[in-house]
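> Here is what each chain is made of, one letter per residue.
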Amino acid sequence: MSRTHASSLLVTALPGLGGQLAARLSGEPGIVVTRTEGDRIAVVLETAAAHNSVATYQRIVDLQEVETTNVAYTGLAPEGMSRRSFLESLAVTTLALSAAGGGSQVQAAGKEKKWIPDSGATKWNKTVCRFCGTGCGVMAGVEDGKVVAVRGDELNPVNKGLLCVKGYHLPGILYGKDRLTTPLIRRNGKLQPATWDEALDLIASKMKTTVEKHGKNAIGMYGSGQWTIVEGYAALKLFKGGIGTDNVEANARLCMASAVTGFMTTFGSDEPMGCYDDFEHGDTFVLWGNNMAEMHPVLFSRILERRRKSSWVKIIDIGTRRTRTTRFADQYIPIKPGTDLALANGIAHLLVKNDAVDKAFVEEHVTLKKGLTQMGYGLEDGYQFKDKPESISFDDYVAFLADYTPEKVSATTGIPVSTIQELAKKYGDKSRGVVSLWCMGVNQHSRGTWMNNLIYNLHLLTGKISKKGSGPLSLTGQPSACGTVREVGTVAARLPADTFITNPEHRKKAAEIWGVPVENIPDKPGLHTIAMFRALARGDLKFVWVQCTNPFVTLPNQARYRKAFESGEAFMVVSDVYPTETTALASVVLPSSMWIEKEGLFGNTERRTQQWNKLVEPPGQARDDLWQIVEIGKRLGHGKLFETGDLPLHEGLFEEYRKFGLGIGKDLASYSQYVENRGLRWPVVNGVETRWRYREGEDPYVAEGKGIEFYKNKKTGGRAVIWARPYEPPAEIPDKDYPFWLTTGRVLEHWHTGTMTRRVPELFGAVDSAYIEMNPEDALTHGLEAGNQVRIKSRRGEMVLPLKLRERSIPEKGSVFIPFFDETKLVNYLTLDSFCPISKEPDYKKCAVRVEKA
Amino acid sequence: MNLPAMKSRESIAVLVAAMLSLALVTPVTAESRADLEATRKAARAYEGSPPTIPHWYDPLDQSSCITCHSEGLDVGYGRPAPIVPHPTWLACLQCHVNRAEPGVELPENSLTGLGLTSGAHRAHSEAPPVVPHRVYGRDNCASCHAGPGTHEAIRTDHPERQHCLQCHVADTTMEYHMH
Numbered sequence: 001m002s003r004t005h006a007s008s009l010l011v012t013a014l015p016g017l018g019g020q021l022a023a024r025l026s027g028e029p030g031i032v033v034t035r036t037e038g039d040r041i042a043v044v045l046e047t048a049a050a051h052n053s054v055a056t057y058q059r060i061v062d063l064q065e066v067e068t069t070n071v072a073y074t075g076l077a078p079e080g081m082s083r084r085s086f087l088e089s090l091a092v093t094t095l096a097l098s099a100a101g102g103g104s105q106v107q108a109a110g111k112e113k114k115w116i117p118d119s120g121a122t123k124w125n126k127t128v129c130r131f132c133g134t135g136c137g138v139m140a141g142v143e144d145g146k147v148v149a150v151r152g153d154e155l156n157p158v159n160k161g162l163l164c165v166k167g168y169h170l171p172g173i174l175y176g177k178d179r180l181t182t183p184l185i186r187r188n189g190k191l192q193p194a195t196w197d198e199a200l201d202l203i204a205s206k207m208k209t210t211v212e213k214h215g216k217n218a219i220g221m222y223g224s225g226q227w228t229i230v231e232g233y234a235a236l237k238l239f240k241g242g243i244g245t246d247n248v249e250a251n252a253r254l255c256m257a258s259a260v261t262g263f264m265t266t267f268g269s270d271e272p273m274g275c276y277d278d279f280e281h282g283d284t285f286v287l288w289g290n291n292m293a294e295m296h297p298v299l300f301s302r303i304l305e306r307r308r309k310s311s312w313v314k315i316i317d318i319g320t321r322r323t324r325t326t327r328f329a330d331q332y333i334p335i336k337p338g339t340d341l342a343l344a345n346g347i348a349h350l351l352v353k354n355d356a357v358d359k360a361f362v363e364e365h366v367t368l369k370k371g372l373t374q375m376g377y378g379l380e381d382g383y384q385f386k387d388k389p390e391s392i393s394f395d396d397y398v399a400f401l402a403d404y405t406p407e408k409v410s411a412t413t414g415i416p417v418s419t420i421q422e423l424a425k426k427y428g429d430k431s432r433g434v435v436s437l438w439c440m441g442v443n444q445h446s447r448g449t450w451m452n453n454l455i456y457n458l459h460l461l462t463g464k465i466s467k468k469g470s471g472p473l474s475l476t477g478q479p480s481a482c483g484t485v486r487e488v489g490t491v492a493a494r495l496p497a498d499t500f501i502t503n504p505e506h507r508k509k510a511a512e513i514w515g516v517p518v519e520n521i522p523d524k525p526g527l528h529t530i531a532m533f534r535a536l537a538r539g540d541l542k543f544v545w546v547q548c549t550n551p552f553v554t555l556p557n558q559a560r561y562r563k564a565f566e567s568g569e570a571f572m573v574v575s576d577v578y579p580t581e582t583t584a585l586a587s588v589v590l591p592s593s594m595w596i597e598k599e600g601l602f603g604n605t606e607r608r609t610q611q612w613n614k615l616v617e618p619p620g621q622a623r624d625d626l627w628q629i630v631e632i633g634k635r636l637g638h639g640k641l642f643e644t645g646d647l648p649l650h651e652g653l654f655e656e657y658r659k660f661g662l663g664i665g666k667d668l669a670s671y672s673q674y675v676e677n678r679g680l681r682w683p684v685v686n687g688v689e690t691r692w693r694y695r696e697g698e699d700p701y702v703a704e705g706k707g708i709e710f711y712k713n714k715k716t717g718g719r720a721v722i723w724a725r726p727y728e729p730p731a732e733i734p735d736k737d738y739p740f741w742l743t744t745g746r747v748l749e750h751w752h753t754g755t756m757t758r759r760v761p762e763l764f765g766a767v768d769s770a771y772i773e774m775n776p777e778d779a780l781t782h783g784l785e786a787g788n789q790v791r792i793k794s795r796r797g798e799m800v801l802p803l804k805l806r807e808r809s810i811p812e813k814g815s816v817f818i819p820f821f822d823e824t825k826l827v828n829y830l831t832l833d834s835f836c837p838i839s840k841e842p843d844y845k846k847c848a849v850r851v852e853k854a
Numbered sequence: 001m002n003l004p005a006m007k008s009r010e011s012i013a014v015l016v017a018a019m020l021s022l023a024l025v026t027p028v029t030a031e032s033r034a035d036l037e038a039t040r041k042a043a044r045a046y047e048g049s050p051p052t053i054p055h056w057y058d059p060l061d062q063s064s065c066i067t068c069h070s071e072g073l074d075v076g077y078g079r080p081a082p083i084v085p086h087p088t089w090l091a092c093l094q095c096h097v098n099r100a101e102p103g104v105e106l107p108e109n110s111l112t113g114l115g116l117t118s119g120a121h122r123a124h125s126e127a128p129p130v131v132p133h134r135v136y137g138r139d140n141c142a143s144c145h146a147g148p149g150t151h152e153a154i155r156t157d158h159p160e161r162q163h164c165l166q167c168h169v170a171d172t173t174m175e176y177h178m179h
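First to last, the protein sequences are chains A and B.
Residue numbers for the first sequence follow our numbering, so the first one is 1 and each next one is one higher.
Residue numbers for the second sequence follow our numbering, so the first one is 1 and each next one is one higher.
To be clear, the hints were calculated from the coordinates, so they are not data collected in a lab.
Note that the structure is a prediction, hence the values are computed from the model and not measured.
Do not rely on the hints blindly, as some may be mistaken.
Straight-line Cα separation of at most 25 angstroms, DSS-like style, residue types lysine-lysine; simulated pairs [said to hold, decoys possible]:
1) A:K123 with B:K41
2) A:K353 with A:K408
3) A:K736 with B:K41
Derived list of chain A stretches under chain B, where covered just means 3 residues or more per stretch with a C-beta under 8 angstroms from a C-beta of chain B [to be verified]:
4) 114 to 125
5) 151 to 164
6) 753 to 760
Some chain B residues flagged as far from chain A (calculated, every beta-carbon gap over 12 angstroms) [to be verified]:
7) Y46
8) S110
9) P129
10) H158
Even glycine gets a Cβ: it sits at the ideal position worked out from N, Cα and C.
Could you put together the complete structure from these sequences and hints?
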């Protein structure tokens, strides 16, 4: 069925002439529908191409009763919508919109936009975007101590001058009306202003008495990939080197942990071997459950630019809903939630069967293993899991893959056999570079570690790895999830640069660098995020300090974790920049500096470390998180940990931190080098960065003549691991009572929990509320229409949201999507807190719900 | 950053501008300038930020933007669609987002945005003005200075001369100075 193309026009008649004009218009050729309300008339024209309607427009404009005309809409009817209902709906909505102000932006009284004329006095300096993990270079323009504009940094190789809408609106995040500007202490149940000394003394004394009464492990720190590298390092050093507890965790557990365990189990070292240069050299880009057009838009634009210049380039989108990415993709492959494991094994099966395996590569660089299966889902308190890896032969692996024939995989995934075969051909095609990309779809997965392993399998089988234009690239969601959480190691069990508290050698090295007795450093892993907040809810953990994140929006199954605050015993300190759902529960709130109100470094997805200077002062009494940590350290008697001799605090701590990575393939450049440049990708040896790790000629750690060497995997003699990991279903599957899959995620305009982006009028206005998206056919069978208020229920909670159909994305039948950025409508009351037993990362993408008209 | 080199480029730019002083520009009235600023302000947080979309678009149709904005379709008197100044960037919605739904109250924000320049630099009264903004992302001068929907305050009086940068050179002080 061909789709109708139409335009709608809002015509305003001269006063009192509405009826007369409407009558004239209905007789005009080319006009299909008119709808009148007083002097306003919505006119709909059907056009084969919009250009044909110009003559009609001009006839309308020339009519003497017309006062103004405005085009409201031009475009195609949504797929599946009938011609008549499309045309009618255009007329109705055109009138409705105009009645309420014609779609123009409503600024509340007294909120006039202020501009200052550009006199050329604006000072421009380099900085880094503080939203996602892409790491775009930003030039910030400062005048009179305030940021007045930003522009993309053309000299930064990450984004080459382009930003996304969030990046362009960075200036506004500093200037929301309700910035926190003074410390607050909860007194008589209410947060009340206090001095810094009062707040810091209270926190320090609470920490001391808690440790005395309940032990070191009764306190913890919870940060995020929004920590700068030095802030994260200071937190780690204070807790693991000074206080002596391993309870340091970060929001990255909820977002990147499966990527980390995937890298560690396959390569023995965290973070990608490839880099963004692959975008300009790849031929086939396979997106695994990854809406890159919205989540990593600047990187996606690099792929689009590659395809624009090279007609053979293909983008393949494997997903559970049609997104903006789908609309750019050459091929969309809908897949049943959670069955990506079966698909990856199915492709591996065909690679073996079709003789597409690079045998020499596998022979020289790969070893094979299997682990435990039927691991459970981590739902119960005190759940523990430890994998028991076992070596297997290639024949064992082939036997394991026998279960993943295209026919069986098709039945599991819902993907046609021929499509699976085609995909396997793309991976196996020796003439094409293949880049696999993924983010939360693979990581927030109850078998997330496995799924990361399985994608690596495909690249290891074909030898398409760590090669210009070929390789797996795990994308990150926070600006320094890599630089801080993963490289510094601000999560349980970790020390900097891929080292572990459970390893006596690693503890010794840390003790030496820190100048503390080795006994200070804990040797037992602390609590991972979910365990930490379950312990807080049970009362086992008494004190937690949260910096730069918002767990009482992001934790799954919120009700379970909010119990922590019912008894009034849990003591939570929150450092943040605006009031949030988490500060609302805090005992003490500390006002923080953000972005260019402080100096810092971030590490992005492609191992690039980037530095910026402080460019403006924070508002009121706000202070940066590093200062807060140091001040608490001093009050606990650990001030010595932060003495840096002749060097300024930032540079001194960074220079100390980088000692951990030197000589072991995690080498960073000196602080002063990062001040000068637009970032370098580690390992940086003799001032030279590394584009493709493990590749001879690119990575200085690979011995001459080796070609490729996974040298960080000491246990396997420098080989990467192909894992036999089966398909296992998610923890909760839709049934008769709860028939829909619920997937949560982000939208382009908002970042994480919206704390910053919801303070910016342009971004708030673009998406002002959470919503539910469902497949139009499902809506029809449930008697639901776009705009309806819909009640969504899971076994854990319920909420009401407006329904969107055929807008931003269209979920596949049987599933619904809700974004999590809106703290006034918390989808995490519905989600399930099952997690990947290896990474402990929750699965936010799959639980069961039902929907009904509210 | 090589600052001395930048400076010499700048002086060459000024010299070239002076040598090619052929074009005359209609003086801009205070009213039309104020109107220009109001028009631009309505759609932007600051000069240089991507304008928001003042009308509907088909969220499911990738070509719905360029249907009108590639050639500057005149969709009716007073409402011509401006031509995209960066035609090779394909993901329009990466930077341009819709405005708030009617009636939505927006958050208060005290950002002071950088506005228009007070005027373009000229070597002398007869010299062609130097381009007073970044050229990056604005490859097509006609989209703001000659095409449909352009504001009279910045409209060229010689659209037939298509090689703009022959006389109007980029102001290098706009580019990468580190202060």
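> All hints are to be evaluated individually against the structure, with a verdict given for each.
Hint-by-hint comparison with the structure:
Among the hinted pairs, K123 (chain A) with K41 (chain B) is consistent with the structure: their alpha-carbon atoms are about 22 angstroms apart, no more than 25 angstroms. A hinted pair counts as satisfied when its Cα atoms are at most 25 angstroms apart, and K353 (chain A) with K408 (chain A) qualifies at roughly 15 angstroms. Simply put, K736 (chain A) and K41 (chain B) have alpha-carbon atoms about 53 angstroms apart, too far for the 25 angstroms limit, and the pair is violated. Given as covered by chain B, the segment 114 to 125 of chain A passes the check, having 11 residues with a CB less than 8 angstroms from a CB of that chain where 3 are the minimum.
Counting residues of the segment 151 to 164 of chain A whose beta-carbon sits less than 8 angstroms from any beta-carbon of chain B gives 8, enough to reach three: the coverage restraint holds. Look at the segment 753 to 760 of chain A against chain B: 3 of its residues bring a Cβ nearer than 8 angstroms to a Cβ of that chain, three or more, so the hint holds. Distance check for Y46 (chain B) against chain A: the nearest CB is about 4 angstroms away, which does not clear 12 angstroms, and the non-interface claim fails. The Cβ of S110 (chain B) does not lie farther than 12 angstroms from every Cβ of chain A; its closest approach is about 5 angstroms, which violates its non-interface assignment.
Its beta-carbon lying about 14 angstroms from the closest one in chain A, P129 (chain B) satisfies the requirement of being farther than 12 angstroms from that chain. Against chain A, the non-interface label of H158 (chain B) holds: every CB pair exceeds 12 angstroms, the least being about 25 angstroms.
Checked against the numbered hints given earlier, this structure breaks hints 3, 7 and 8; the rest are met.
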